[in-house]
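Could you build the full structure based on these sequences and the hints that come with them?
Line by line, the protein sequences give chains C and L. In this text, residue positions in the first sequence follow the numbering used here: the first is 2, and each later residue adds one. In this text, residue positions in the second sequence follow the numbering used here: the first is 2, and each later residue adds one.
A portion of the hints provided could be inaccurate.
No copy is singled out in the list; a pair is fine if it fits within one copy or between any two copies.
Straight-line Cα separation of at most 30 angstroms, BS3-like style, residue types lysine-lysine; simulated pairs [what the hints assert, rightly or not]:
(1) K170 / K233
(2) K286 / K170
(3) K51 / K95
Read the hints as simulated data drawn from the structure, not as lab findings.
Protein chains: 2
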Amino acid sequence: MSLLGIDLGGTKLASAIFTEAGELHAKEVIPLNDQSGIAVGKLITDQVKKYLLSEKFNIKSIGISIPGISHDDGTVWAPNIDGWENYPLLDEVKLVATDVPVSIDSDRACSMLGEMWHGKAKGTRDAIFLAVGTGIGAGILINGQILRGSNDIAGAVGWMALQRPFAEKYTGCGCFEYYASGEGIVRLAREVLDGKPHYKGELRYLDPSSLTAHTIFQAYHLKDDVAVSVIKQCIEFWGMAAANLISIFNPEKIIFGGGVFGPAEKFIAAIHQEAKKWAQPISMKQVRFEKSTLHGDAAVYGAAFLALENLNRHEGK
Amino acid sequence: MSLLGIDLGGTKLASAIFTEAGELHAKEVIPLNDQSGIAVGKLITDQVKKYLLSEKFNIKSIGISIPGISHDDGTVWAPNIDGWENYPLLDEVKLVATDVPVSIDSDRACSMLGEMWHGKAKGTRDAIFLAVGTGIGAGILINGQILRGSNDIAGAVGWMALQRPFAEKYTGCGCFEYYASGEGIVRLAREVLDGKPHYKGELRYLDPSSLTAHTIFQAYHLKDDVAVSVIKQCIEFWGMAAANLISIFNPEKIIFGGGVFGPAEKFIAAIHQEAKKWAQPISMKQVRFEKSTLHGDAAVYGAAFLALENLNRHEGK
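Laid out in structure tokens, this is it:
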């Protein structure tokens, strides 16, 4: 028997087939290509239909990770997908899944579930998955339970206030995310470059016309001044944010994941050093910093684990 | 039957008798007068003996709130009391309490328990008690359970990093506490005054030789420039910290308590306004800001509630 895990991101849809033991069998990634509203819903239901019809797999349960909030009534809210304010995703998927159970949860919760099932949070009771990608969010495990908050939007750590005074530019994404997300890294580099018009010609490694987090990390390793200053500032923000989570939660582990960790993996020791300056010293001594080893698949693993848990509930296990 | 609640602070010891229903009958406060080590332990056991011997009360259970960490083995760690690294408080109190059950918890946990029993957290599942006094800490309620962390030091929010870059002066208390605790308010005013030696004579309302949080609040209301700038900066820090807790926890309520709220109560609306700039907007809409109505007694209420819960466990209720 198989589990279908689906991870909807802001720019792509990942689907994967897992065994009950958490072995990943087949994974497929489809770009969203700026589609929105029911078109995105159809992408998901088409994937579900395809895998359910396939004779290769015997899918017994489906789990879906969404970049936003999953409501109890089966509707979801995803701020980065137009038309997904109260989108009836559960009903749509149930219609095509017929008697196969379907469950939905946020990417914050799913990433943590994935790490608990087959990643770095296995066997821990108190851990934080800090996801730094296009945006920033966290899956937070407390005494073995995922932190939900009163309306299931806990973990919105990208909104952390880390730099006084407030600036209008933080509106819409939050201060921490503004500076230290994948988009933030590009934004910061652009800000620095805008302030240095004369610097343009000297930039051997950083092309202002095609800035991405990736090119900035490359330029950092070639010792480009702008890239070095931008990454140094990011390390400061990541360290402060990690410190705050350590002082507040006293966790066993902080697991760094998302697209940026990735290339920022090599800075984890420097982030630890920065965090150490700020955090409650006893909690700091007790925490371990680790990199997710699920290679960006934490949420799709978690979606499959969600499916497994839902199946077990259905079967009264 | 009665419950004895004891709240050890950094400078004083409060004891109070409660009914099972949470009615406060008698309260007594003893200053520590810089005593440390076993002298503080003796203050507590003397109180316990006195109340147990009193014919007026029929004490069935004892709860103690301590400003630090309560370990499973009954020892406690209180950073502000010399000689209390691994102090065997539970054993000492049990010796005098004989067959009356004794339980100990941190002031962060006790304050939240007090608010749940008879304060503003009654009936809530997700709330934060932000205690701003000499220091800063938080009691955090998640889905009806108190956040402990992997080693029971969760809630050390005074260590929150809110102001880049790191400064050596934050070591020992944390950035947020450095600026916005009762001591921080005095420190800030002193920093401003040190930078304005010529300003000395003009200070009609603020006497640099006898600065306290209290005199600074008074001077604020008399529109003293230094006091106004200091309090405005504190509002900014309190707002940022509240915003971070809102974005991270998505709580129903933030309850402001401790000695500073108190006089800072009238700034709660301004703190809300500042937090609104920073916090995740949906969580911000859902949260309510309230002032503790237990008048600094949240921890002693909580200690008594701890005693009640322990008694119920003993009696198998």
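From the Cα coordinates, with 30 angstroms as the cut-off, is the pair K286 and K170 best called within, between, both, or neither?
For K286 and K170, only the inter-copy Cα distance (20 angstroms) is at most 30 angstroms; the intra-copy one is 35 angstroms.
Treating 30 angstroms as the Cα threshold, decide for K170 and K233: within, between, both or neither.
both (21 angstroms within a copy, 22 angstroms between copies)
Intra- versus inter-subunit Cα pairing at 30 angstroms for K51 with K95:
Within one copy, since 14 angstroms is at most 30 angstroms while 67 angstroms is not.
Checked against the numbered hints above, the structure violates none of them.
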